[in-house]
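**Student:** Each chain is listed here by its residues.
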Amino acid sequence: MTGWLVARLGRALGAAWLIASLVFMVSRALPGGPEQQALPEAGDLSRPTASMVSAASQAASQQALRQRLGLNLPLFYVTRGPGPRGQWQWHGAANQYHAWVRSLLHGNWGYSYRNGQPVLALVRPALATTLPLASAAALLAAGLALLLALYLARTPGGWWQQLVWAGLSGLQVMPLFLLALGLLLLLANPDVLNLLPAAGQAPPDSTAGQLAGYWLARAALPLLSLVLAVLPELTLPLAAALRHETQAGYATTARAKGLTAAQVLRRHALPNALLPLLTTFTDLLPTLAAGVVVVEVLFALPGTGRLLAEAAAAHDYPLVVAGVLLTAGARLLALVLADVLYLLLDPRLRPTA
Amino acid sequence: MKYFWLGSLFALLGGACSSPPAKLTSAPVRIRWVRDPETLDPLALPNQSAVDASNLLHLSLLQVDYEKNAYAPALAAGWPQLSYQGDSLTLVHYELRSAAAWDDGHPVLASDIDFTLKLMHCPGLPNENSREQYGFIRQVRIDAANPRRFTLVCRSRSAETAAISGDFPVLPEASLDPAHTLRRLPLATLQDWPATRPPDPAVAAVVQRYQRANLARQPSHLPGCGPYRLASWQPNHEVRFERKAHWWADKLPAPPLVLQARPHALVYEILPDDAAAALALRRHDIDVYPQVPARIFKQLQAAPTAKEDFVFYTKQSYDILMVGFNTQRATLRDRRTRLALSRLLDPVGLLAATQLGQGARTVGLLPPGNQFYNDSLPLPTYAPAQAMTLLQQAGWHRGADGHWRQAGSAAPLAVALRYRAEDATFATVGLQFQAAAAQVGIAVTLLPGESTVISSYLQAGDFDMYVRLIKGSPLGLNFATILHSQAIGAGNFTRFGRPDTDRLLEAIATEGNLPRKRRLLRRFQALLQEEMPLLPLFFLPYRLAASRQLQHVVASRLKPGYTAAALAWPATPAPAH
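Quick mapping for you: the protein sequence lines, in order, are chains A and B.
When the letters of the first sequence are read in order and numbered with the numbering used here, they come out as residues 1 to 353.
When the letters of the second sequence are read in order and numbered with the numbering used here, they come out as residues 1001 to 1577.
One should not assume that every hint holds.
Claimed, not checked - Facing chain B, from chain A, some residues (calculated, C-beta under 7 Å): (1) Leu45; (2) Gln58; (3) Leu65; (4) Arg114; (5) Asn115; (6) Pro190; (7) Pro302.
These are computed hints drawn from the structure, not numbers from a lab.
The model shown is predicted, which means the values in this text are computed figures rather than measured ones.
Glycine included, each C-beta is placed from N, C-alpha and C at the ideal position.
Pulled out of the complex, with its shape left as it was, chain A reads as follows (with noise of 0.2 Å):
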């Protein structure tokens, strides 16, 4: 078992690094670098300038800017020169991709172009913001679904469960920025209710009481928001699931042996129909590490969705890297951590089995 995961933790750590440094390559071959973004676009008025800024001059100020950033390098090992017949050339050691790998290697991720502060120093902050709200959106959203899918399951439906799965139904079409700013416009507007604050911080002279309190009531709709945006996801097929259970054998028996159906479905359905789930809900760990961008934007979080979708529009590498492979850890960590639970649940998948 120990082998098998530590063969698996491995793969995984390849596949992030393969990914990583996909991106590294593609993101430095795409049109427009940095560059465009930190220098000022060209014929802008309105800054007056004394000389005028030629093609020569706005050269000088890409190169001596790609100087700076360490992309007057090569790309990597070997490049091949511009033209059809361009020659393969072979750069040693002197290249950004040994660059990257080997200030990773010492712990150092880079530094942001943008800013030059540490990548590091930029994503920790972030995490703190996005990881308790991810995490906590996730544990809402997945309890909740546990007991909407035990009541959606229930025979007969009555009217208030075809209310629910029409609801669910409903939020499974919705976009989430279209959601969150429902949300927003419904809960955090003075012309509807004014009940949840969207913006600003807590005074400053408020308690460590308050401080909580008010970081508590700031952070019910994008947690609302992100629960009612995975909530269809995982409580649907749950549902499904649990309703196909209870049409098995077992669930039969059950019944005749005297267990009320709600007890069948706790008891028998449930741990059967729990194990697709587990891949559903690992899938949303990356997705809501990453993905609360629209979240972020809207309530204005500091996180890292909006850290990395910043990064990303304004071609800043490093931080852009560091967010894939984070995301792309995350991705296979949930992946490694399914199987195990499978494995934990499912004796028949053990190896040994």
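Once you have looked at the hints, place chain B on chain A.
**Tutor:** Then chain B, alone, in the frame of chain A:
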């Protein structure tokens, strides 16, 4: 219990609709920023938020007076005097205010100006922008008798040399180069230093010290001479500035607007979404919402308590929405074809559709009301019939299939229009043009794209037409950057340029005599309409919404559209409604 719940709900709703509590004078002024400043390094300043922050922490020789929309002396004691040396050098004579001092009490001296200009040319620092901007200043001659008096020797004869020579944040030499090691290296030597040659040891030491100071995140590591200090910064969330208790300009008897700093604290809330920012204003989480989009502005004005809570300002900005033509494309080389296509754009309709009709149409690149505006020219209008006549004059013939072709060519007239996808205004222009062109038999392909990709295409000349926003300014009238033949491949996307037009643009940039300058600029605007390398559609408005309680709100035509340091809460708070 049921009634208690209902009662609570009504109480909440009632509370929501009530006016904000009166603010104390010491209360912070909360302002919306659309994005994080990213870095507070005074040499970099990559976005408007960073520029706003820099104006609070540092001072320049001249700063923008947002009330007059012109530069005004800040660290400089008065407007600089100009003299000329030879054919190409302008000497700008400055004297610093005697009261100007750093936080540590040391006076601001000419040697600090010299040092700051040298920092702009030290390799390894994020100074590429300022190097390009201030590379025309070749020498700082410090008066031996007065350490506050100096002369900037500028390689320029531009009429605006004085104004543009003093708008950079000044940094203290004593903190970064206490041994004055850079003084032995003339500014020109640093400017001409070959990129391949290792930097001078003195330069390397200063660069190391500068990098260690980490001004990008910790500007307080260096004494400043601006009125505020950075109190806290939560990236992508909130930046807080606090007023210095003892600031040198407080001693001035009648400080000008650029040296006024009233709020005890300024808090910038970073709210990227416009709808969320509007709600934050309605909920009084912020007090100032600058650069309000048209749709949100209308909604805010229509809100039930808007008139009691907020004041709304609209100022015509210097930002021009324009459509450009690639004058080197075979189909667009004839000016009559460009003129014909320009008649298919509807500035009046577009102004109404995208800006609530606010903003100003223009005949050229100057705003109406400017002293150089050519009011004898007609405003561009939507005229499809005229477009067809012009196409015929340019040698195009409309076939039975409705498309236009030139003799000997089977390819019909068709154009591709590039624009940045993130701005809905550009897309509206594209769609209007496409619909109008389709009616006269011209196929238009819309090619929206990511901003840096679009910039690359435009600089490489890979386009037929483009929609763009030119950020303008009244502070200089140098259009060579966008229309001179030497700027092709840089800022001249239209690739327009002839020897005579180049001479005209150069003359405009250097002419100091007002009547002659007026004649040149009027000719320039007429030339734009004749040759049509680009069509200015209209000047955009800046919209500002601010709390009604705030005093001294200076709404400006220049970005950011207001003066943060001038704002104040009333000394005697007005009673809450």
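**Student:** Determine for every hint whether it applies to the structure shown.
**Tutor:** Hints, verified against the model:
no.: 1; hint: Leu45; verdict: holds (5 Å)
no.: 2; hint: Gln58; verdict: holds (5 Å)
no.: 3; hint: Leu65; verdict: holds (5 Å)
no.: 4; hint: Arg114; verdict: holds (5 Å)
no.: 5; hint: Asn115; verdict: holds (4 Å)
no.: 6; hint: Pro190; verdict: holds (4 Å)
no.: 7; hint: Pro302; verdict: holds (4 Å)
Of the numbered hints listed earlier, not one is contradicted by the structure.
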